[in-house]
Amino acid sequence: MSEAYATGAASPLIRLDHVSRWYTRGVDEVHALEDCSLEIPAGRFVAFMGPSGSGKSTLLNLVSGIDRPSAGEVWVAGQLLNELSEDELAAWRARHVGLIFQFFNLVPVLSARDNVALPLLLTDLPRAERQQRAEIALRVVGLEHRVGHSPRTLSGGEQQRVAIARALVSDPDLIVADEPTGDLDARNAEATLGLLRQLKEEFGKTVVMVTHDPRALRFVDQVFHLDKGILLEGEAERRAHEALVLAGGAAPASAGGAAPAASAAGRGA
Amino acid sequence: MLPISYSMGNVVARPGRSFVMIVVVALVVVACSLFLGLLSSLHRTVAMTGDPMNLVVLRKGSDNDGSSQITRLAYDSVRYLEGIATGPGGQRRVSPELVVQPFFWTKEGGRENVLVRGVEPAALDVHGDVKIVEGRMFRPRLNEILIGKALRGRYRGAEIGQRIEFGRNQWRVVGVFESDGSSFESEVWVDAQDLANDARRINPFSGVRLRAASEGDLQGLKARIDADPRFALEASRETDYYAKQAETAGSLEFLVVAIAILAGTGAGFGAANTMYASVQARTAEIGTLRALGFPRSAILLSFELESLLLSAGGFALGALLALGLAEVLRRVLGGVSFGARTFTTNLVTLSIAPRDLALSFALSLAIGLFGGLGPAWRAARLRPIEALRKA
Amino acid sequence: MSYLGLVLANLRRNRLRSLLTGGAIALAVLLVCILLTMPAGLDALLSRLSNNTRISVVNKAGLVYSMPYAFARKIRALPGVEDAVGQVWFGGAFEDDGKVTFPNFAVEVDHIETVYPDYGISPQGLADFRRYRDGMIVGRETMKKYGWKLGDRVTLRSTVWPANLDLRIVAEIPNDRSPIAWINREYLDQALKAKGRSLGILGIVWVKVTDPKEVNSVMLRIQELTRNSEAETSTQTEKSFFSAFFGSLEGFVTILMVVTVLVSLCIVFIAGNTASMAVRERAGEIAVLKAIGFRRGSIFSMLIAETVMLSFTAGAAGVGLARLLTELLRNAAAGSPQLGPLGGFIVNQAVVVQGLLLSLAIGVVAGVVPAFGAARKPVAQTLREVF
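Sequence order for the protein chains is A, B and C.
Going by this note's numbering, the residue at position 124 of the first sequence is 224; the numbering climbs one at a time, nothing skipped.
Going by this note's numbering, the residue at position 125 of the second sequence is 202; the numbering climbs one at a time, nothing skipped.
Going by this note's numbering, the residue at position 286 of the third sequence is 623; the numbering climbs one at a time, nothing skipped.
Isolated chain A, as found in the complex (with noise of 0.2 angstroms):
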């Protein structure tokens, strides 16, 4: 895998291809993507950043298979997922995707270990073997001590573990993170990065992550990022964009208005 890295000439594992994503809340039309276009190889560590609105979480869903473009196509993995029905990409997304989320969502009503286990339900292996995989995976977050417990007993950055076990156990090609950070305290988001980090390093996981929080900078390959639902391209625009984001993430507040004149084309890097 770091292979392909290396060379870039290898197929990338992801890449979106002027999409574009809109949808209608009451009387007004969101433009929540216009017109992105982009590629991430196998294996790298990216985050999309931008201020709130800026349609990073939009971009997130639709690389994982959550959400549809209005326009433009994505590909994951060899496969375009516009073709693929409801049901299809559910069975997609078990397969190939690992899903971590801000409020790390875990069932409330299953042990730690059932929750890990969960993505497991979905395929052929027997109980036992699940249990065990689930347990492996519990391991590498290093909760092998918890397995039984509920979510209720967990502490925040626990239950992220709890989450990312889960997210790695049917050993999906690709991570994806929505603020994974966002509701931890300093100490564990540290923790939580580095995790994500070590998924890339030790497994060769393509791990990708929205997020504002400053910190991630540092263990991030690439960073894309975006506003009012543009991917910025020029370099002097993203410099700007990551100084904001260092000086703690207080970007203007954009209200969802018209996009600059200048439409940024062509591919990112």
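Hints listed in this document are in silico derivations from the structure and should not be mistaken for laboratory results.
Treat the hints with care, since some could be wrong.
In silico lysine-lysine, DSS-like type, Cα no more than 25 angstroms apart, as pairs [what the hints assert, rightly or not]:
{"hint": "1", "chain 1": "B", "residue 1": "LYS299", "chain 2": "B", "residue 2": "LYS137"}
{"hint": "2", "chain 1": "B", "residue 1": "LYS226", "chain 2": "B", "residue 2": "LYS321"}
{"hint": "3", "chain 1": "C", "residue 1": "LYS576", "chain 2": "C", "residue 2": "LYS411"}
{"hint": "4", "chain 1": "C", "residue 1": "LYS576", "chain 2": "B", "residue 2": "LYS184"}
{"hint": "5", "chain 1": "C", "residue 1": "LYS436", "chain 2": "B", "residue 2": "LYS321"}
{"hint": "6", "chain 1": "B", "residue 1": "LYS137", "chain 2": "C", "residue 2": "LYS530"}
{"hint": "7", "chain 1": "B", "residue 1": "LYS137", "chain 2": "C", "residue 2": "LYS532"}
{"hint": "8", "chain 1": "C", "residue 1": "LYS436", "chain 2": "C", "residue 2": "LYS486"}
{"hint": "9", "chain 1": "C", "residue 1": "LYS481", "chain 2": "C", "residue 2": "LYS436"}
{"hint": "10", "chain 1": "C", "residue 1": "LYS550", "chain 2": "C", "residue 2": "LYS576"}
{"hint": "11", "chain 1": "B", "residue 1": "LYS137", "chain 2": "B", "residue 2": "LYS321"}
{"hint": "12", "chain 1": "B", "residue 1": "LYS208", "chain 2": "B", "residue 2": "LYS226"}
{"hint": "13", "chain 1": "C", "residue 1": "LYS436", "chain 2": "C", "residue 2": "LYS482"}
{"hint": "14", "chain 1": "B", "residue 1": "LYS299", "chain 2": "B", "residue 2": "LYS321"}
{"hint": "15", "chain 1": "B", "residue 1": "LYS321", "chain 2": "C", "residue 2": "LYS482"}
{"hint": "16", "chain 1": "C", "residue 1": "LYS436", "chain 2": "B", "residue 2": "LYS137"}
{"hint": "17", "chain 1": "C", "residue 1": "LYS532", "chain 2": "C", "residue 2": "LYS436"}
{"hint": "18", "chain 1": "B", "residue 1": "LYS226", "chain 2": "B", "residue 2": "LYS184"}
{"hint": "19", "chain 1": "B", "residue 1": "LYS299", "chain 2": "C", "residue 2": "LYS436"}
We have chain A; now place chains B and C onto it with these hints.
Coordinates of chains B and C only, in the frame set by chain A:
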């Protein structure tokens, strides 16, 4: 595809909400079971009554003993027919009977019509299920009577050794008889001649009951009796006779169906409310499961299962309550009386049979299944992105 | 926005939930109404009879025991008695059915008019009844059941007497709930004489007392009259007679009422659950209202008004449905000889009132606890929890 423990866990996790749905289903189960029990008790009493090998011979056109009268000649024409079974001592199993419905007064002062059957000793040969369990058989010309088990304690003087006043006389209770829970247990038996005297009857008998030696004999006897031109008589199989008597079926069955449908649907709506609230509270969770890749069918099944678990729980509670309540009612009411066509008291003991509970169980499952369907459908249709946005 | 408008708007908040709850209430009230028609039918019958000056006279031993024919004449001679009509159970079955489906009696035709002036039978009809030996007066319930009209010829086969009589309907008892039929005693007597018997007995005598205050003394006089004769009698007011007649159905009625209570409890739970869900969801808004200055009393009344309005409207719909439904069902399931007036399933005024009151009560009981709890909760606490 989602584990059962998920559904069960959710049932347990919200005890308040689960409790409401369980109670609602339980109450419907109790109501239904009580009525079903009443119906089945009535049917059972009727079904128990009568022997398929017995014939009831009445005057043509009478639809029950009480309104029939036959002459002694008519009786004689029947008693020697071929095909009638004989008892151990060689005696023919023929029982001439006189039926009268005098007033009896209950302990509370109410007045009821009770079926008094004037019989000869041969009656015990024909009505094989009737057994004297306490006391002894009456002796003629002494105004002695036997009372059926169900009447004991219901009327003034209805106890062995005491006297009951009915007709033009006072009668001493010398025995109590049982008959497998059939309608005979709501009757008083007395010497036929004593009764005829008391009721000033010209014709000594209402009708005749006889036991046929075989099915073939039964058909033959029936044909011969029906066809006899001298006496306008009609013979019917005893079991058929009683089946015709207890025709409450129309109204009662209608009520049971009404209760099941109306109360069941109402409970279904209540269940739907509970489940909808559940779905709303767990929108993010459902979105997560969908995002993880669980298909809609898995979500649908899981929520339906939850609904079914709750309604099954409701059934368990309801069944217990129903059985307890039936016991209480039995003690307080004694027998529930259904006027047979002659408005004679026919006492039925309310009891809930396994079959009644099985039907109630089916109803509770239907409530869970259909009540939960809307919410489960809504949960299954949640798109992951909507669900996560709401988080 | 008016107070009412506010209440309605809140109900519209979660339309599905309001509809489901309302639906459940309507169905349950419908069921309760159907169940209540049974005892109500009996009560209606009895209360109609409570002011009557008619007395029943039967053989003390039982209805099937007879009295000598002469009794009727003797009773008529007693002071205080306006008139008396002797009747005998004919037990006629209408050909097609083969079993007795409505009560029918052979009566002394000359005395019907004075004893039953309240039955509203037309004078012409009564005159015809007196004139034509084969005449028959039939209650409207039975007329409707068989689709008979005045002038129709009907054959009744007696199940107790050896007599098949051809009869002509000369009058109707204009009461939808009267199934009874009367034929001429003389006609039956004639038919019996042809077989070598005669109708020398009476089954029951209905006596009309001139003055309501005299009812008790007349009853005593009749009992004295027959005390040491061959047929000692039992006399009762018309109401007691029918009360005793149907008294044995008490057990059944008790079970009915138990089921009614269970069903009502069930709806209270459903409605109460809905109310508490609604209140919980709006905790924040309610706190804001209180913060603005609404008093606890107004909050309470507003919340409980919602539950009561929903419950009452739904319940009223249920009652309306019950009336409609029973009109349709009356023919299918009613008139069961087993249950007498209980089997009528007629939703009368009493049932309507009971149904509406129940709906109101359900609304109040279900809504009171959540409304009270919400009104009472301290403002600051709620604001902290929600915002």
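Now the hints, each set against the structure:
Distance check on the hinted pair: LYS299(B) and LYS137(B) sit about 13 angstroms apart at the alpha-carbon level, within 25 angstroms; holds. A C-alpha spacing of about 23 angstroms is found between LYS226(B) and LYS321(B), which places the hinted pair at or below 25 angstroms, so the restraint holds. A hinted pair counts as satisfied when its Cα atoms are at most 25 angstroms apart, and LYS576(C) with LYS411(C) qualifies at roughly 24 angstroms. Between LYS576(C) and LYS184(B), the direct Cα distance comes to roughly 21 angstroms. Compliance with the 25 angstroms bound is thereby established for this hinted pair.
Between LYS436(C) and LYS321(B), the direct Cα distance comes to roughly 10 angstroms. Compliance with the 25 angstroms bound is thereby established for this hinted pair. Only pairs whose Cα atoms come within 25 angstroms are accepted, and LYS137(B) paired with LYS530(C) is accepted, the gap being roughly 20 angstroms. This hinted pair checks out: LYS137(B) and LYS532(C) have alpha carbons roughly 16 angstroms apart, not beyond 25 angstroms. Pair hint LYS436(C) plus LYS486(C) holds up; C-alpha atoms about 21 angstroms apart against a cutoff of 25 angstroms.
Distance check on the hinted pair: LYS481(C) and LYS436(C) sit about 18 angstroms apart at the alpha-carbon level, within 25 angstroms; holds. Pair hint LYS550(C) plus LYS576(C) holds up; C-alpha atoms about 16 angstroms apart against a cutoff of 25 angstroms. The hinted pair formed by LYS137(B) and LYS321(B) meets the criterion: a straight-line CA distance of about 16 angstroms does not exceed 25 angstroms. With a C-alpha separation of about 10 angstroms, the suggested pair LYS208(B) and LYS226(B) falls inside the 25 angstroms cut-off, and the hint holds.
The suggested pairing of LYS436(C) with LYS482(C) holds, with an alpha-carbon distance near 15 angstroms, which does not exceed 25 angstroms. With a CA separation close to 18 angstroms, the supplied pair LYS299(B) and LYS321(B) stays within the 25 angstroms bound. Among the hinted pairs, LYS321(B) with LYS482(C) is consistent with the structure: their alpha-carbon atoms are about 21 angstroms apart, no more than 25 angstroms. At most 25 angstroms may separate the alpha-carbon atoms for a hinted pair to count; LYS436(C) and LYS137(B) meet this at roughly 12 angstroms.
Of the supplied pair hints, the one linking LYS532(C) and LYS436(C) holds, its CA atoms being roughly 23 angstroms apart against a limit of 25 angstroms. A hinted pair counts as satisfied when its Cα atoms are at most 25 angstroms apart, and LYS226(B) with LYS184(B) qualifies at roughly 16 angstroms. Annotation: proposed proximity of LYS299(B) to LYS436(C) holds, straight-line Cα distance about 20 angstroms (limit 25 angstroms).
In this structure, none of the earlier numbered hints is contradicted; all agree with it.
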